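Q: Protein sequence lines, in the order shown, are assigned to chains R and Z. Counting with our numbering, you get residues 1 to 155 for the letters of the first sequence. Counting with our numbering, you get residues 1 to 284 for the letters of the second sequence.
Any given hint could be a false lead.
To be verified - Here are the in silico distance ranges between beta carbons for each label pair:
1) Z:T181 x R:R116: 25 to 31 Å
2) R:T7 x Z:P216: 41 to 47 Å
3) R:H117 x Z:P141: 36 to 42 Å
4) Z:E9 x R:E80: 38 to 44 Å
Derived from the structure by calculation, the hints contain no laboratory data. Please read all numbers here as calculations on a predicted model, not as lab measurements. For each residue, glycine too, the CB sits at the ideal point set by N, CA and C.
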Amino acid sequence: MPTVTMTVNGKQVSADIDPRTLLADFIRVNLDLTGTHIGCDTSQCGACTILVNGDAVKSCTMLAVQADGAEVTTIEGLAENGEMHPMQAAFKEHHGLQCGFCTPGMVMSAIDLVKRHPNPDEATIREELDGNICRCTGYHNIVKAVKAAADATGG
Amino acid sequence: MAEYCRPAELGEALDLLAGGGWRILAGGTDLYPANAARDRLPGAVLDITGLDGLDGIGKQDGFWRIGAATRWSSLIGADLPPAFDGLKQAAAQIGAVQVQNMATIGGNLCNASPAADGVPVLLGLDARIEMASARGYREMPLAEFITGVRRTALAPDEIVTAVRIPDPGPAARSHFLKLGTRSYLVISIAMVHVMLIADPPGRVADARIAIGACSPVACRLSALERELIGHPFDTSLADRVREEHFAPLSPIDDVRATAAYRLEAAREMTRRAIAAIVAGGGRR
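If we strip away everything but chain R, and leave its shape as in the complex, we get (with noise of 0.2 Å):
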C-alpha cells in the first residue's frame, strides 16, 4: 500500500492506503475530520468542498494519494485561537444556513471566492456558488453572509 503524506491544517500527516482511498474518505476515516461532508459521491453537490494549495476542490473527486504532499484546509482548520474565521462568524451571524449539511462546503468554497474576488456582488455570489448546493434552498442567508465576510475582511 502507498504512504500518503499532506499537511492538514496545518499539521502533518502520513498513512499507508488503499490507492483507492478518495480524499474525502481520508480526511473522515483516517483523520477522523468529520466536518467535511459527503452528499452525493459524484462531484456536484460541492459539500465535500477542501482548499488543496489553496483552491477549492470538491475532495469526492480526488484520490488521497494525489494529495501526496499537498497543503490540505478542511472546515476543522479554519478557526484560529478558538475564533471563527470571518466566513464561519459571517455564516454565523447571517444564519446562512438551514440543516448545516452544505455548510462546511459552502463556508470552504466562499472562502476561494473571495480570495478571487474580494468584493463581490450577489451576482457574483451566486454565480461562483454554481458548485454548491444546498437542499434546504437556504441560498438568500447564504449570499448575505457571503457578501458580509467579504466587507469584514476589507474587501
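Keeping the supplied structure of chain R fixed, place chain Z upon it in accordance with the hints.
A: For chain Z alone, kept in the frame of chain R given last:
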C-alpha cells in the same frame, strides 16, 4: 485499483504506458463519477498531473500551445487575445469552480463526450492535438482525433501532451453559448462556438461555426461558414443563418431534450452568438 503511479518525468510515464495496462488520470472529474461505485475504480492508474511541463500556456512559431494538464481555471485567468474569449466562456461553464480547479483541457478531449464543452470551441480554433509515446511524438487535427462517442485516435501507449492552436490573429473575435436545463452545473443540451474575423472594410474575412451535443462528435457548419464570408459585418449577419446550414447535425432524443428542440436551440444560439460578436464591434 491495483496500482497507482505519479511520475514526474514524461519519459518515465511513457515507459510505463509502453508496458500496457494503465488508465491515465488527470483532473479525475470524469473518471470518478463514471466509476462512482468504489470497487469499479479502474485497475492501474497513471496520474499525469505530476509531470513536468504538461501544463501552462505559451506561444511559439505562430501557434498557441496549451499543455494538456492545464486546468480550466488557469485558462479563465490567462492573458489571451480576444479570439480565445469563447474558450474562456466555455471554461467558466464546465462543472463549477471546484471542477474547473481540477479538470484539464486534455482530459475534456480524451473523455470525448459528445457534450464536452471544450470540443466545439477547439474545433472552431482549428486545434491540433500533440501526443507522445515511447515511439515518439505525433500530431493531428482535433477533428480527426475524436473518432466517435467517447472514442479517440489515442493509442493505449500514448499521452496527449498539448493542444496547439494556430494564432487566429488580433482581429479574431469569438463567442460561446451553452444551453442546459439550468444555468449551471449541467450537461449541455447544445453548445455553439462562433469565431469571426472582419476585414478593415467591414466584411467577414473568416467565419468558423461549431456545434456541440447535437451529433456524436461536435462538428463545424462549413456551409454556414461559406455563407457568412464576404458579407457585411453588421447586424444583418445573423439573418444569414438558415435551416439547411444545420444539415450536418444529427441530434438525439434523450432525457435532456428532444432532437427537434436541440436543432432549434442550435439555430437560435448560433444567431445569438453571431449577433453578440457583431454587437461587440469585431475590432478593438
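Q: Is the distance from the Cβ of H117 of chain R to the Cβ of P141 of chain Z consistent with 36 to 42 Å?
A: holds (37 Å)
Q: Between the beta carbons of T181 of chain Z and R116 of chain R, is the distance compatible with 25 to 31 Å?
A: Holds: the Cβ-Cβ distance is about 27 Å, inside 25 to 31 Å.
Q: For the range 38 to 44 Å, tell me whether the beta carbons of E9 of chain Z and E80 of chain R fit it or not.
A: Check passed, 40 Å falls within 38 to 44 Å.
Q: Do the Cβ positions of T7 of chain R and P216 of chain Z conform to the proposed distance bound of 41 to 47 Å?
A: At 45 Å between Cβs, range holds.
Checked against the numbered hints listed earlier, the structure breaks none of them; every hint is satisfied.
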